[in-house]
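With the hints as constraints, model all of the structure from the sequences given.
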Amino acid sequence: MASPDLDVRYVAKLARIALTDEEARTYGAQLADILGHVAALNELDTSDVAATAQVIESRNVEREDALTSCLPRSEALAGAPREQSGYFRVPRIIGEP
Amino acid sequence: MASLIEMTAAETARNVNARECSAREIARATYAHIRESDGEVGAFLTLTEELALEHADRVDARVAAGERLPLAGVALAVKDNMCLRGTRTTAGSKILGDWTAPYTATAVQRILDAGALPIGKTNLDEFAMGSSCENSALGVTRNPYDLARVPGGSSGGSAAAVASYESTIGLGSDTGGSIREPAAFCNIVGFKPTYGRVSRYGLIAFASSLDQIGPLTRTVEDAALAYDAIAGCDAMDATSVDVPGESTANSLREDLKGLRVGVVKEYRVKSLGSAIDEVYAKAYADLERLGAEIVEIGLPTADYGIATYYLIAPAECSSNLARFDGVRYGLRVEGVDMTETYDRTRAAGFGPEVKRRILIGTHALSSGYYDAYYLKAQKARTKIAADFENAFGACDVIAAPAAATPAFRLGAKSDPYSMYLMDYYTIPVSLAGLPSVSVPCGWARPEDGADDMPLGVQLTAPLFGERLLLGAAHAYERATLHARKFRPRIGDNAVGRALEVS
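Residue numbers (our numbering), protein chains in the order written: chain Y, 1 to 97; chain P, 1001 to 1502.
Read the hints as simulated data drawn from the structure, not as lab findings. What you are looking at is a predicted structure, and each value in this text was computed from that prediction instead of being measured. Built from N, CA and C at the ideal position, the CB exists for glycine as well. Accuracy of the hints is not assured; some may be wrong.
[Claimed, not checked] Pulled a few chain P residues facing chain Y out of the computed Cβ check, cut under 7 Å: (1) 1195; (2) 1238; (3) 1310.
[Unchecked claim] No more than 35 Å apart at the CA atoms, straight line, and that leaves these computed lysine-lysine pairs for DSBU-like: (4) 13(Y) to 1413(P); (5) 1383(P) to 13(Y); (6) 1282(P) to 1485(P); (7) 1270(P) to 1413(P); (8) 1257(P) to 1282(P); (9) 1094(P) to 1485(P); (10) 1282(P) to 1383(P); (11) 1383(P) to 1265(P); (12) 13(Y) to 1094(P).
[Stated by the list, open to error] Which chain P residues stay away from chain Y? Per the calculated CB distances, all over 12 Å, these: (13) 1022; (14) 1051; (15) 1113; (16) 1148; (17) 1242; (18) 1265; (19) 1268; (20) 1271; (21) 1294; (22) 1336; (23) 1353; (24) 1379; (25) 1445.
What follows is the structure in structure tokens.
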């Protein structure tokens, strides 16, 4: 791995992206380079500041609990790669025979 | 009357509302031009001619019934990461395949309600990640001012469409500069509103704390008209703000008397090359000539913008793009089980830059690294935003370059980090959530070329300062008219010749 910091195979597994050996080498080197640049942040003293998740003050948004129309099931399913009986169809997850 | 496709949005609406011409005629003329020019430019991924003509007829009927619409008959190009019901929406990615949007983004719906015509969906860097449009998995877009060069990105298709008169308004999205940089590259106006001003409902999410929709246009007035149409709180986006925003289109001014314009000390010492430095020095002098007082301000942490952004944006993208798993939409590559299906689908569906960002973001959020990377970046973001707040104690608007260089050649940036540097000036502004507009400010010869290419000056205002910002941008534009010096070179029709306008 080009970066001692980033194990590209491990991260790709977490991200659910299959990598070829070639990709692992290329991305490993590129990500090490990017993280090298990003390390400049360590120069910045942030001991006295809070984290910012986003800049606009957020607040709870409420609405009346009223019935409104929503996307019909057939339309929600229309873009699915596979569907069956009104549901998204996926490969078996539990209980391999 | 100027030719139908060359009119501004303001002129088009005026003429259509006065029934000097019809929305249908505008649509017809627009498609006729696109058929001649888009083969070379490549701005559009999908044309929606039938839909546009339907909308045109509806606009003409409403006008005939006595209605006046702020954008009556104005051609609209929509970046293909925004949903338009019944239309293919790709985000420039293979992973969405031929996915058809089942609903319409709020911003798109609002601008259509104002009378705009949906001409088509435009190319972008995949999931809006990039600065040149070259990360699109679906096509190449070229800069109308030099077809060997990039249009910028990620809203490069919308920028190229507007610059080449294939559309009058382009909708784009800006996360770290994706409206402002392509606008600068293509000699047009690109406006990113304050974070939260425009609903993100129906915008395919990249980095949710940064993403903001805004217009790309040929004049500041058109940007104001488009912004007025799309802005406002939306129940479908909990981060859209309920802060009153009066019309910006009626706040446009002709001088800058009393305005304090901040020029950034740290940027001034950084040379972009003498030709480019000269253009910006002239831009600041022009602002002063119009009555503004130029003050020097400091943004000491702006230099950390790129490092901060390339942790926060990938972290958010790694989370947002988890939804592309081969289950609910688009591509699926079946494996023996669900996990292998995820692995294969995402390997086949995402392009290299998207994969890189997902991997960086996953790493930055992973156990053991979260504090060192993601939390650290969020704290740096606080400091960058505080820098701007301090600076606005001494000035009303900040002027800076919109991009580090003019448009570069297709294929010129092979390593990812060199591409990231393009957004050096726009990223800190995005991290602070501020409204910011790029306005054409002159021409300079790129290092690798013989002909001058356009540059943009980026004007930035405090949060919710859209009226002040567009007012000032309009005064600068009217006094300088840099955008009119050259015309794009496409085909041999009226907009095609390299006209030098006196």
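Here's how the hints hold up against the structure:
1. 1195: holds (6 Å)
2. 1238: holds (5 Å)
3. 1310: Holds, because the Cβ-Cβ distance from residue 1310(P) to chain Y comes to roughly 6 Å (cut-off 7 Å).
4. 13(Y) to 1413(P): Holds. Residue 13(Y) to residue 1413(P) sits at ~29 Å (cutoff 35 Å).
5. 1383(P) to 13(Y): holds (34 Å)
6. 1282(P) to 1485(P): Between residue 1282(P) and residue 1485(P) the Cα gap is close to 16 Å, so the pair holds against 35 Å.
7. 1270(P) to 1413(P): Roughly 21 Å between the alpha carbons, so the hint for residue 1270(P) and residue 1413(P) holds.
8. 1257(P) to 1282(P): Distance of about 18 Å is within 35 Å: holds.
9. 1094(P) to 1485(P): violated (39 Å)
10. 1282(P) to 1383(P): holds (31 Å)
11. 1383(P) to 1265(P): Distance of about 17 Å is within 35 Å: holds.
12. 13(Y) to 1094(P): holds (21 Å)
13. 1022: holds (33 Å)
14. 1051: Residue 1051(P) clear of chain Y: closest Cβ-Cβ about 18 Å, beyond 12 Å.
15. 1113: The claim stands: residue 1113(P) keeps its Cβ more than 12 Å from every Cβ of chain Y (closest is about 19 Å).
16. 1148: Its Cβ never comes within 12 Å of chain Y, the nearest being 26 Å, so this holds.
17. 1242: violated (9 Å)
18. 1265: Residue 1265(P) clear of chain Y: closest Cβ-Cβ about 18 Å, beyond 12 Å.
19. 1268: holds (21 Å)
20. 1271: Check passes; 21 Å lies beyond 12 Å.
21. 1294: Holds, since 27 Å exceeds 12 Å.
22. 1336: violated (8 Å)
23. 1353: violated (10 Å)
24. 1379: The claim is violated: residue 1379(P) sits with its nearest Cβ about 4 Å from chain Y, within 12 Å.
25. 1445: Answer for residue 1445(P): holds, closest chain Y Cβ roughly 29 Å.
Hints 9, 17, 22, 23, 24 from the list above are not met by this structure, while the remaining hints are.
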